[in-house]
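Novice: This is what each chain is made of:
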Amino acid sequence: MSQTITGAEIVVRCLAEEKVDFVFGYPGGAVLNIYDEIFKQDKFKHVLVRHEQAAVHAADAYSRSSQRIGVCLVTSGPGVTNAVTGIATAYMDSIPMVILSGQVPTAYIGQDAFQECDTVGITRPCVKHNFLVKDVRDLASTIKKAFYIASTGRPGPVLVDIPKDVTINSCKFEYPETISMRSYNPAGKGHSGQIKKAVQLLLDAKRPMIYTGGGVVLNDAAPQLTKLVRLLGAPVTNTLMGLGGYPATDPQYLGMPGMHGTFEANQAMQDCDVLLAVGARFDDRVIGNPGHFFREGRKIIHIDIDPSSISKRVKVDVPIVGYVRDVLDEMIAQVQATDKRPDAAALKAWWTRIKEWQSRNCLKYKASDELIKPQFVVEKLYEITGGDAIVTSDVGQHQMWAAQYYKFDKPRRWINSGGLGTMGVGLPYAMGVQLANPDATVACITGEASIQMCIQELSTCKQYHIPVKIINLNNRYLGMVRQWQEFFYGNRHAESYMNALPDFVKLAEAYGHHGIKVEKPGDVEGALREAFKHKEKLYFLDFITDQTENVFPMVPGGKGLTEMILAEDL
Amino acid sequence: MRHILSILLENEPGALSRVVGLFSARGYNIDSLSVATTEDTTMSRMTIVTHGSDDIIEQITKQLNKLIEVVKVVDITEGNHIERELMLVKVRASGKDRDEMKRMADIFRGRILDVTDKSYTIELTGNSDKLDAFIAAIEPGTILETVRTGASGIGRGERILKI
Ligand SMILES: Cc1cc2nc3c(=O)[nH]c(=O)nc-3n(C[C@H](O)[C@H](O)[C@H](O)COP(=O)(O)OP(=O)(O)OC[C@H]3O[C@@H](n4cnc5c(N)ncnc54)[C@H](O)[C@@H]3O)c2cc1C
Ligand SMILES: Cc1ncc(C[n+]2csc(CCOP(=O)(O)OP(=O)(O)O)c2C)c(N)n1
Ligand SMILES: [Mg+2]
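So the sequences go chain by chain: A and B.
End of the first sequence sits at 569 in numbering that gives the first Met the number 0; the numbers just go up one at a time, nothing left out.
End of the second sequence sits at 162 in numbering that gives the first Met the number 0; the numbers just go up one at a time, nothing left out.
In case anyone wonders, no lab produced these hints; they're calculated from the structure.
Nothing here was measured: the structure is a model prediction, and the numbers come from that model.
Where is the CB? At the ideal position from N, CA and C, for every residue including glycine.
There's no promise every hint is true.
[Unchecked claim] 30 Å max Cα-Cα, derived DSS-like pairs, lysine-lysine:
(1) A:144 / B:89
(2) B:71 / A:314
(3) A:143 / B:95
(4) A:133 / B:117
(5) A:188 / B:61
(6) B:65 / A:298
(7) B:61 / A:143
(8) A:143 / B:161
(9) A:144 / B:129
(10) A:188 / B:95
(11) B:61 / A:195
(12) A:18 / B:65
(13) B:61 / A:558
(14) B:129 / A:196
(15) B:89 / A:188
(16) A:372 / A:558
(17) B:89 / A:314
(18) A:188 / B:129
(19) A:133 / B:89
(20) B:161 / A:311
(21) B:65 / A:144
(22) A:144 / B:117
(23) A:311 / B:65
[Stated by the list, open to error] Facing chain A, a subset of chain B residues (Cβ under 8 Å, in silico):
(24) 9
(25) 13
(26) 15
(27) 17
(28) 20
(29) 24
(30) 57
(31) 58
(32) 61
(33) 65
(34) 68
(35) 69
(36) 70
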């Protein structure tokens with residue numbers, strides 16, 4: 000006679016089987032049985048957040064900053080609806096994670112029971128897949144499927160909704176070793192013939208350009224990318240999601256493309272004759288107006304695991320469906336196997352043009368002795384952390400300055416919300432990162448508006464001794480909104496001003512942390528050094544920055560990539 | 000261009016709403032949809048009639064394939080195929096209209112399924128154009144009620160959609 004165990008025990012056993020070491024969550028009626036089993040086990044730690052949104056963000060960042068899968072657990076009804084922003088954020092950036100949610104007992108479903116909501120229905124459009132488990136005998140295999148689906152193909156969040164009676168009922172526990180699904184078989188290595196065509200095009204190119212994105216980071220393909228870029232001698236740009244995919248301090252790197260990308264990256268995107276896109280999805284923030292982006296004669300090669308990313312916004316000449324890493328490996332092998340070499344004379348001429356673009360020095364800003372420039376704070380942060388911190392960010396101007404001025408040489412060091420652009424992620428992201436990387440230096444670059452969207456997590460940081468450093472670029476404005484109002488709405492600041500701000504130093508102290516308010520450029524470095532000296536403490540650095548500073552370059556919405564506004568134009 | 004997509008999907012609760020949700024979320028059109036289980040009861044077959052440019056149809060197909068429960072998608076309008084739709088139409092059939100209505104049903108190879116002294120209920124099958132043509136051919140004022148299943152389709156000859 001084999002032993003049976005309850006659904007709640009099965010949940011805990013499955014997580015142990017998956018070698019989960021942290022679960023981020025918040026309890027409630029529907030998940031009490033699961034929590035009781037969590038109490039009894041010691042395989043993984045549970046992190047009690049202060050709001051379910053933060054549980055999802057933290058699990059998401061845990062994934063982003065490691066090669067493991069973040070897990071979170073929320074209760075039915077409001078627990079789930081609070082989690083939705085986090086789930087949608089992870090979905091837009093293709094982050095693998097598993098969300099477990101409690102549900103009312105199966106017999107109550109559909110009866111407007113206490114804390115009931117249609118979780119599968121509400122989350123359907125923002126998950127890779129979701130399940131409602133109605134029979135305890137399906138529980139283990141469903142959780143296995145959830146981990147499998149989340150982490151294969153184009154990754155994404157998967158939710159498993161578990162009614163309370165399923166956590167009480169018992170059955171024999173068997174965790175499947177492998178999963179095979181007739182309806183889900185993510186593509187594999189990429190078509191050799193297509194890869195060959197791509198290599199030919201690249202070797203024949205006069206003005207090659209390599210544009211890479213989140214896919215390179217997600218697939219841990221940075222070494223392959225670096226090798227191929229060096230072999231080809233081509234310039235390279237990383238999207239906001241792809242930063243660190245290629246070392247930012249390398250001479251072949253042109254900076255980020257797009258709306259707030261560099262002059263040289265955008266010019267090269269537009270003027271190249273062969274564009275190789277690697278795990279990037281031609282986002283509207285990257286290519287601007289698609290009509291303007293189109294160039295007669297320019298050939299586009301696109302490597303992506305998701306066929307629906309290919310030729311979605313931009314028509315592609317050589318589509319390659321496959322894992323970035325495998326495809327790059329084969330491209331490298333093919334380049335090395337042929338005698339053909341890139342056209343050195345053409346490349347030289349191409350680089351001469353690029354150097355002209357670079358000489359515009361588009362990220363230059365006016366230094367000041369009176370006002371703290373936000374760019375200056377990021378530069379100092381880079382200096383003091385030796386470029387070695389994992390940096391999380393919120394959403395707004397500060398996010399762009401972080402992306403532009405902190406040079407990421409390695410992947411999984413830049414953690415932000417690109418696709419959904421969710422204000423409030425910064426602090427919970429920093430928590431997830433620190434727990435996944437206990438020895439890392441973690442900095443959260445934020446704004447006075449964004450930080451207040453999940454500020455309650457300072458309490459979680461206290462409970463679990465999470466010593467992140469918060470770099471608040473406090474411009475007393477919804478700065479990104481104010482910038483658009485200045486440029487496109489006659490400088491009318493409709494609801495973009497934040498008065499009645501809290502005293503952030505006192506707030507940090509109230510939560511049991513340390514804070515420093517910094518008002519002069521001369522004090523920036525000292526404050527940073529002080530904060531980073533205390534490895535074991537959370538510091539909240541409130542930098543009172545120049546309120547009028549804007550992010551440049553900027554491609555206005557609907558404009559073409561080469562129609563940038565530069566700081567020097569104004 | 001009008002396209003008929005045939006979709007094999009897992010016969011699981013919620014699979015249908017994923018497909019329908021995809022169309023509404025991405026702004027694609029559904030002109031008609033019909034679905035039922037196949038001879039293998041773990042699988043359903045759905046026929047969706049849609050229209051859009053080639054780029055849009057390509058995206059629809061790719062997005063459908065991405066749904067975890069979708070096993071296979073084929074655009075059967077890409078090759079020779081057979082398309083049929085069923086319509087039940089209740090019409091006024093009294094006085095001089097009565098004979099005329101019977102004759103129209105015959106011309107369109109319809110069958111009269113139910114008769115009262117004032118009405119006929121006619122069953123018609125054919126491709127969707129033919130059903131439209133019938134509606135256009137009879138006096139609009141005589142139509143009391145119509146119900147259509149939406150098209151279902153199958154490839155001709157050796158073209159088979161199966162796993
Ligand atoms: C305020 C604000 C301003 C922004 N400004 C800019 C800007 O100026 N420049 C900029 O670049 N972005 C900007 N963004 C971000 C932008 O919105 C997009 O999120 C981002 O550009 C998308 O990056 P990506 O193309 O790398 O795609 P991702 O969203 O990272 O998608 C990854 C792609 O790779 C594929 N993929 C995943 N895994 C694999 C694998 N293993 N193998 C193959 N393929 C894989 C996926 O299918 C997908 O197509 C901004 C965001 C905000 C909030
Ligand atoms: C949840 C959410 N609400 C609204 C927005 C729109 N939005 C984008 S940036 C921004 C202002 C952010 O202000 P702050 O955090 O102070 O950053 P700053 O731009 O000033 O650096 C707003 C409101 C958003 N991205 N997310
Ligand atoms: Mg601000």
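Novice: Give a verdict on every hint.
Specialist: Consistency of the hints with the structure:
1. Distance restraint check for residue 144 of chain A and residue 89 of chain B: the Cα-Cα separation of roughly 49 Å exceeds the 30 Å cut-off, and the hinted pair is therefore not satisfied.
2. For the suggested pair residue 71 of chain B and residue 314 of chain A, the alpha carbons sit about 24 Å apart, so the restraint of at most 30 Å is met.
3. A threshold of 30 Å between alpha carbons decides the hint, and for residue 143 of chain A with residue 95 of chain B the separation of about 69 Å lies outside it, so the pair is violated.
4. With a C-alpha separation of about 51 Å, the suggested pairing of residue 133 of chain A with residue 117 of chain B is violated against the 30 Å cut-off.
5. Distance hint between residue 188 of chain A and residue 61 of chain B is fulfilled; the C-alpha atoms sit about 18 Å from each other, no more than 30 Å.
6. Between residue 65 of chain B and residue 298 of chain A the CA atoms are separated by roughly 27 Å; this keeps the pair inside 30 Å, and the hint holds.
7. Straight-line distance between C-alpha atoms of residue 61 of chain B and residue 143 of chain A comes to about 26 Å, which keeps the hinted pair within the 30 Å bound.
8. At roughly 27 Å between alpha-carbon atoms, residue 143 of chain A and residue 161 of chain B fall within 30 Å of each other, so this suggested pair holds.
9. For the hint pairing residue 144 of chain A with residue 129 of chain B, the CA-to-CA distance comes to about 46 Å; that exceeds 30 Å, so the pair is violated.
10. A threshold of 30 Å between alpha carbons decides the hint, and for residue 188 of chain A with residue 95 of chain B the separation of about 71 Å lies outside it, so the pair is violated.
11. At most 30 Å may separate the alpha-carbon atoms for a hinted pair to count; residue 61 of chain B and residue 195 of chain A meet this at roughly 24 Å.
12. With a CA separation close to 28 Å, the supplied pair residue 18 of chain A and residue 65 of chain B stays within the 30 Å bound.
13. Distance hint between residue 61 of chain B and residue 558 of chain A is fulfilled; the C-alpha atoms sit about 29 Å from each other, no more than 30 Å.
14. For the hint pairing residue 129 of chain B with residue 196 of chain A, the CA-to-CA distance comes to about 47 Å; that exceeds 30 Å, so the pair is violated.
15. A hinted pair counts as satisfied when its Cα atoms are at most 30 Å apart, and residue 89 of chain B with residue 188 of chain A does not qualify at roughly 57 Å.
16. A distance of roughly 28 Å separates the Cα atoms of residue 372 of chain A and residue 558 of chain A; the hinted pair therefore holds under the 30 Å criterion.
17. For a cut-off of 30 Å, the pair hint linking residue 89 of chain B to residue 314 of chain A is broken: about 49 Å separates their Cα positions.
18. For the hint linking residue 188 of chain A to residue 129 of chain B, the alpha-carbon distance of about 47 Å lies beyond 30 Å, and the restraint is violated.
19. Taking the CA atoms of residue 133 of chain A and residue 89 of chain B, the gap is about 43 Å. The hint is violated against a cut of 30 Å.
20. Taken as a hint, the residue 161 of chain B and residue 311 of chain A pair is honoured in the structure, with Cα atoms around 28 Å apart against an allowance of 30 Å.
21. With a CA separation close to 16 Å, the supplied pair residue 65 of chain B and residue 144 of chain A stays within the 30 Å bound.
22. As the CA atoms of residue 144 of chain A and residue 117 of chain B are separated by approximately 59 Å, the hinted pair breaks the 30 Å bound.
23. This hinted pair checks out: residue 311 of chain A and residue 65 of chain B have alpha carbons roughly 14 Å apart, not beyond 30 Å.
24. Below 8 Å, beta-carbon pairs count as interface contacts, and residue 9 of chain B has one with chain A at about 6 Å; its hint therefore holds.
25. Interface hint at residue 13 of chain B: satisfied, since its Cβ lies 6 Å from the closest Cβ of chain A, which is below the 8 Å cut-off.
26. Interface hint at residue 15 of chain B: violated, since its Cβ lies 12 Å from the closest Cβ of chain A, which is beyond the 8 Å cut-off.
27. Interface restraint check for residue 17 of chain B: the shortest CB-CB distance to chain A comes to about 6 Å, inside 8 Å, so the restraint holds.
28. With a cut of 8 Å, the hint placing residue 20 of chain B at the interface with chain A holds, because the nearest CB-to-CB distance is about 6 Å.
29. Because the beta carbon of residue 24 of chain B sits about 5 Å from the nearest beta carbon in chain A, less than 8 Å, this interface hint is met.
30. Hint status for residue 57 of chain B: holds, given a least beta-carbon distance of 7 Å to chain A, under 8 Å.
31. Residue-level restraint check for residue 58 of chain B holds (minimum Cβ-Cβ distance to chain A is 6 Å; threshold 8 Å).
32. Checking residue 61 of chain B against chain A: minimum C-beta separation of about 4 Å stays under 8 Å; hint holds.
33. At its closest, the beta carbon of residue 65 of chain B sits 6 Å from a beta carbon of chain A; the interface hint therefore holds under the 8 Å criterion.
34. Checking residue 68 of chain B against chain A by beta carbon gives a least distance of about 6 Å; that is within 8 Å, so the hint holds.
35. A distance limit of 8 Å between C-beta atoms decides the matter here; for residue 69 of chain B the minimum to chain A is near 6 Å, and the interface restraint holds.
36. This hint holds: residue 70 of chain B has a C-beta 4 Å from the nearest C-beta of chain A, less than the 8 Å allowed.
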